[in-house]
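> Put together the whole structure using the sequences plus the hints.
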Amino acid sequence: MNGLAKVFEGEPRTDITVEAGRTTINVALRHLRPFDAQSADDMASLLAVAAVGVAGWISYEAMTVTAPAIGFFLGGLCGRPFMQQKIRHVAQVTATVKFTENAIWLKKIKKAPSWEPEQEWQKFDRSHEHRFVLYQHDKAQAEKDEIDYQVRTKPGLRVARYYGESYYVVLEYLGQRFDVAEVMGQRRASAILDRLSFCDKYMDSLTDARKRLPIRPEDEWPGPSGSIPQ
77 MNGLAKVFEG
87 EPRTDITVEA
97 GRTTINVALR
107 HLRPFDAQSA
117 DDMASLLAVA
127 AVGVAGWISY
137 EAMTVTAPAI
147 GFFLGGLCGR
157 PFMQQKIRHV
167 AQVTATVKFT
177 ENAIWLKKIK
187 KAPSWEPEQE
197 WQKFDRSHEH
207 RFVLYQHDKA
217 QAEKDEIDYQ
227 VRTKPGLRVA
237 RYYGESYYVV
247 LEYLGQRFDV
257 AEVMGQRRAS
267 AILDRLSFCD
277 KYMDSLTDAR
287 KRLPIRPEDE
297 WPGPSGSIPQ
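Read in order, the letters of the sequence shown are residues 77 to 306 in my numbering.
Keep in mind the hints are simulated off the structure, nothing from the lab.
Ideal placement from N, C-alpha and C gives every residue a C-beta, glycine not left out.
Be aware that a few hints might be false.
FRET-style restraints, in silico, Cβ to Cβ [said to hold, decoys possible]:
#	residue 1	residue 2	range
1	Arg207	Gly232	39 to 47 Å
2	Lys82	His165	20 to 28 Å
3	Asp224	Ile92	44 to 52 Å
4	Phe158	Pro231	26 to 34 Å
5	Arg234	Val94	46 to 54 Å
6	Gly261	Asp284	32 to 40 Å
7	Asp221	Phe158	27 to 35 Å
8	Val125	Gly97	58 to 66 Å
The calculated DSSO-like cross-link candidates involving lysine-lysine, where the alpha carbons are at most 27 Å apart (straight line), are [claimed, not checked]:
#	residue 1	residue 2
9	Lys277	Lys183
10	Lys277	Lys174
11	Lys174	Lys186
12	Lys183	Lys199
13	Lys199	Lys277
14	Lys183	Lys215
15	Lys186	Lys162
16	Lys184	Lys215
17	Lys215	Lys187
18	Lys187	Lys162
19	Lys174	Lys82
20	Lys186	Lys199
21	Lys82	Lys277
22	Lys183	Lys162
23	Lys82	Lys183
24	Lys162	Lys184
25	Lys230	Lys220
26	Lys162	Lys215
Structure below.
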């Protein structure tokens with residue numbers, strides 16, 4: 077199991093348990109959604125402007141440039157990337173996928189702006205046709221059209237892409253789409269997809285191995301009971 081645990085190191089966090097000979101894999105899909113990323117960036121910009129404003133107010137009240145005023149001014153001017161990174165980190169949410177030999181269990185996060193997980197687990201029979209895939213975000217094209225329009229009408233305008241850089245991690249089950257996570261960043265989305273696909277294949281290997289275990293002597297070799305296998 078130590079070797080297997082090493083395979084599952086890193087993100088997304090994956091825990092493996094074995095009880096009564098049955099293996100369960102829990103995968104915690106911590107990720108940033110595009111809506112939350114945009115909200116975090118807006119908050120970072122607002123804090124930066126507020127810091128510069130506080131610096132101006134301190135200087136006005138003191139009728140001179142003070143050390144606190146300089147600190148607030150530099151913080152607002154240069155600290156936005158740091159604040160953006162920290163707020164984005166706090167804004168991440170975690171969906172959970174659980175694998176057993178017979179089923180896939182899914183607990184998603186409610187749609188943004190909610191950060192709460194759904195109350196009920198969704199259960200899917202692993203014996204039915206299924207696979208994990210990535211879908212481009214539904215709002216990606218609309219965002220692209222809006223950005224193209226802004227660039228044409230306001231040359232030199234800097235724009236940020238959120239939905240164009242985002243993907244749905246999806247469970248396709250019996251031809252139906254079930255969204256697992258709404259992920260900003262292709263690298264993170266691909267890492268989640270690879271981990272879920274690997275977990276699913278690993279559970280397949282356990283199931284296949286269990287099916288091959290002989291229950292009776294005649295299951296292991298042909299011929300009458302008690303005969304010597306050739």
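> Each hint: holds or not?
Against the structure, the hints:
Between Arg207 and Gly232 the Cβ separation comes to about 44 Å, which falls inside the hinted range of 39 to 47 Å. In this structure the hint that Lys82 and His165 lie 20 to 28 Å apart at CB holds, the actual value being about 26 Å. At about 47 Å, the beta-carbon gap between Asp224 and Ile92 stays in the expected band of 44 to 52 Å. Taking 26 to 34 Å as the suggested C-beta distance range, the pair Phe158 and Pro231 conforms, at roughly 30 Å.
Here the CB-CB span from Arg234 to Val94 is close to 52 Å, well matched to the stated 46 to 54 Å. Checking the proposed 32 to 40 Å range against Gly261 and Asp284 shows it holds: the Cβ atoms sit about 34 Å from each other. Between Asp221 and Phe158 the C-beta distance comes to about 32 Å, which sits within the given range of 27 to 35 Å. In this structure, Val125 and Gly97 meet the distance hint of 58 to 66 Å, their C-beta atoms being roughly 60 Å apart.
With a C-alpha separation of about 20 Å, the suggested pairing of Lys277 with Lys183 holds against the 27 Å cut-off. Between Lys277 and Lys174 the alpha-carbon distance is near 13 Å, which keeps this suggested pair within the 27 Å criterion. A threshold of 27 Å between alpha carbons decides the hint, and for Lys174 with Lys186 the separation of about 18 Å falls inside it, so the pair holds. Between Lys183 and Lys199 the CA atoms are separated by roughly 9 Å; this keeps the pair inside 27 Å, and the hint holds.
Between Lys199 and Lys277 the CA atoms are separated by roughly 18 Å; this keeps the pair inside 27 Å, and the hint holds. With a CA separation close to 23 Å, the supplied pair Lys183 and Lys215 stays within the 27 Å bound. A C-alpha spacing of about 23 Å is found between Lys186 and Lys162, which places the hinted pair at or below 27 Å, so the restraint holds. Proximity of Lys184 to Lys215 is assessed by CA-CA distance (about 19 Å); at most 27 Å being required, the pair is judged to hold.
Straight-line distance between C-alpha atoms of Lys215 and Lys187 comes to about 14 Å, which keeps the hinted pair within the 27 Å bound. Simply put, Lys187 and Lys162 have alpha-carbon atoms about 22 Å apart, close enough for the 27 Å limit, and the pair holds. At most 27 Å may separate the alpha-carbon atoms for a hinted pair to count; Lys174 and Lys82 meet this at roughly 19 Å. The hinted pair formed by Lys186 and Lys199 meets the criterion: a straight-line CA distance of about 17 Å does not exceed 27 Å.
About 17 Å separates the Cα atoms of Lys82 and Lys277, which keeps this hinted pair within 27 Å; it holds. Proximity of Lys183 to Lys162 is assessed by CA-CA distance (about 26 Å); at most 27 Å being required, the pair is judged to hold. Taken as a hint, the Lys82 and Lys183 pair is honoured in the structure, with Cα atoms around 25 Å apart against an allowance of 27 Å. Taking the CA atoms of Lys162 and Lys184, the gap is near 24 Å; set against the 27 Å cutoff, the hint holds.
With a C-alpha separation of about 15 Å, the suggested pairing of Lys230 with Lys220 holds against the 27 Å cut-off. Proposed proximity of Lys162 and Lys215 is supported: the alpha carbons are some 25 Å apart, at most 27 Å.
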